[in-house]
Amino acid sequence: MPFETSSTPAVPTTGDDRLLEVVGLSSHYGPVCAIHQVDLSVGAGELVAIVGGNGAGKTTLLHTLSGLRPISTGQIRFDGQDISRWSPHRIVAAGVCQVLEGRQVFASLSIEDNLRLGGYRQRHDPVWLRAQQEHVYSLFPILAERRQQLAGTLSGGQQQMLAIGRALLGRPRLLLLDEPSMGLAPLLVEEIFRVIVELNRCGVTILLVEQNARAALAIAGRGYILETGRIIKTAQAAELLADDDVRRAYLGY
Amino acid sequence: MPEQLFQFLVTGITVGSLYALVGLGFALIYNASDVVNFAQGEFVMLGAMAAIALQNAGFPLFLAAIVATLLTVGVGLLLERFAIEPAVGASVVSTIIITIGAAIFLRGVALLLWGKDFYALPPFSGDTPIQLGGATVLPQSLWVLGVTVVLVLLVRAFFNRTLPGKALLACSYNRVAAQAVGINVKVMLRLAYGLSAGLGALAGILIAPITFSSYEAGVMLGLKGFSAAIVGGIGNPMGAVAGGLLLGVLEALGAGFISSGYKDAIAFLFVLMVLFFEPTGLFGHKSAERV
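Residue numbers (this note's numbering), protein chains in the order written: chain A, 63 to 315; chain B, 368 to 658.
To be clear, the hints were calculated from the coordinates, so they are not data collected in a lab.
Incorrect hints may have been included.
Simulated restraints on C-beta separations [as the list claims (entries may be wrong)]:
#, chain 1, residue 1, chain 2, residue 2, range
1, A, D141, B, N423, 22 to 28 Å
2, B, L521, A, D141, 39 to 45 Å
3, B, L521, A, H197, 30 to 36 Å
4, A, H197, B, V586, 43 to 49 Å
Quick look at which bits of chain A chain B covers, simulated, 3 or more residues with Cβ under 8 Å [stated by the list, open to error]:
#, region
5, 143–151
6, 160–169
7, 177–190
Cβ coordinates follow ideal geometry from the N, Cα and C atoms, glycine included.
Just chain A, with the same shape it has in the complex (with noise of 0.2 Å):
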């Protein structure tokens, strides 16, 4: 299981690999600030995690990324592209494919058709489309055995795989996970993280945030801690996972 060991070499990003980077980053629900003057950076090819508690501002932040929520201050930088005031199918578009917390599949739509909604972007190069669904198929294959069936009927691990392999379809060249571990029994996350290894392994870039810090240290290079909407700590995942007040705070040992 590739599930304990970390997976990216863990070299802190520099100069021009840096896919994606954040400066200063605000956003506010009316007059509350929900992050606050975030900075972070994401270099191509690597697994990097941002772990927090609940309402920590993990969702909005990732949210402000894909453009579902507008920014109050600071920019994102998109493959050297200011992306900062950009609508979401825009960003989708450029390779910035999110999998929503709580999954969020089409639940009265087919999986087959989830998938090509997941492809939308992508929609005038079917070779390429009919290429990536077989492979989400062979990544997830209790889907493919299930085309059919209506995605709302699906197990939450299910439609797990399927909100993943619905944003593998975007064609993502940095890929937003959004708490995939919510609410699955551990051996499923265990499953889904081996998938996200695996994934970051072929060459996709993932940003993912979570709850479950140990699991998301264990296999990402570098993480961030994020507390009431600021970056507290970052580091190599391995230093975090070491660290005292991490332990105390995220670990509970």
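Use these hints to put chain B onto chain A, whose structure you have.
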């Protein structure tokens, strides 16, 4: 008696087809945005009135019908762009109130343009009745039925077979997820308003030779179409079609066997009964969701 019944059925299905088309328009916009567009009836009226005006201005009938439909589609797009889109992010109820305002506005414009007079189109292919198994069928009824069947099949194929159709459904199932997969929700909204306006206009043009049209003809047709949509389970396009046919037939039977004065009462009573016993409509999807 059986001939009479057959006659009522023919009338009912003809009128029901129109309700079905209007109901489809409701379902399209509801699917894209969870909004009930109360200007749907005004699309019907605009289609009919524009076609009549163009025909009076010397356009050949079919050209007038096509241009009137396109004009109404334009009005639908303008409505979306200047009344609905600025309110993106507002609650569904606010948006519905905007559509009511738009309906009143469109009715007012029609009143200014055409006054309070009643107008009609000539039948598409004459008015010699056809004898069909003891019933008398107007050629226009066949037009209504034929065009409705074609449009219903097209809408069905759009939702079941095309990616934009599925994307439109996706917007109603889960708007955030739709955005996250890269669907441009604004474009989908425009598509829904354009298509709804087109369907409404065609319904109005089809019925213009049968009943007279005026600036407020859309009110009742809109209500009946809305009833068709909720009887069938709002958001379910084929349910709206079934609901429309059911409503039309019930109305015709009620008008024939009881009294034509109770026609509308029977239709709305039926809607109330359906909502009372089956609040999600007769064909509303029982959602299959596991949490």
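Tested hints:
1. A:D141 <-> B:N423: 22 to 28 Å: violated (59 Å)
2. B:L521 <-> A:D141: 39 to 45 Å: holds (41 Å)
3. B:L521 <-> A:H197: 30 to 36 Å: holds (34 Å)
4. A:H197 <-> B:V586: 43 to 49 Å: Violated: the Cβ-Cβ distance is about 54 Å, outside 43 to 49 Å.
5. 143–151: holds (count 3)
6. 160–169: holds (count 6)
7. 177–190: holds (count 6)
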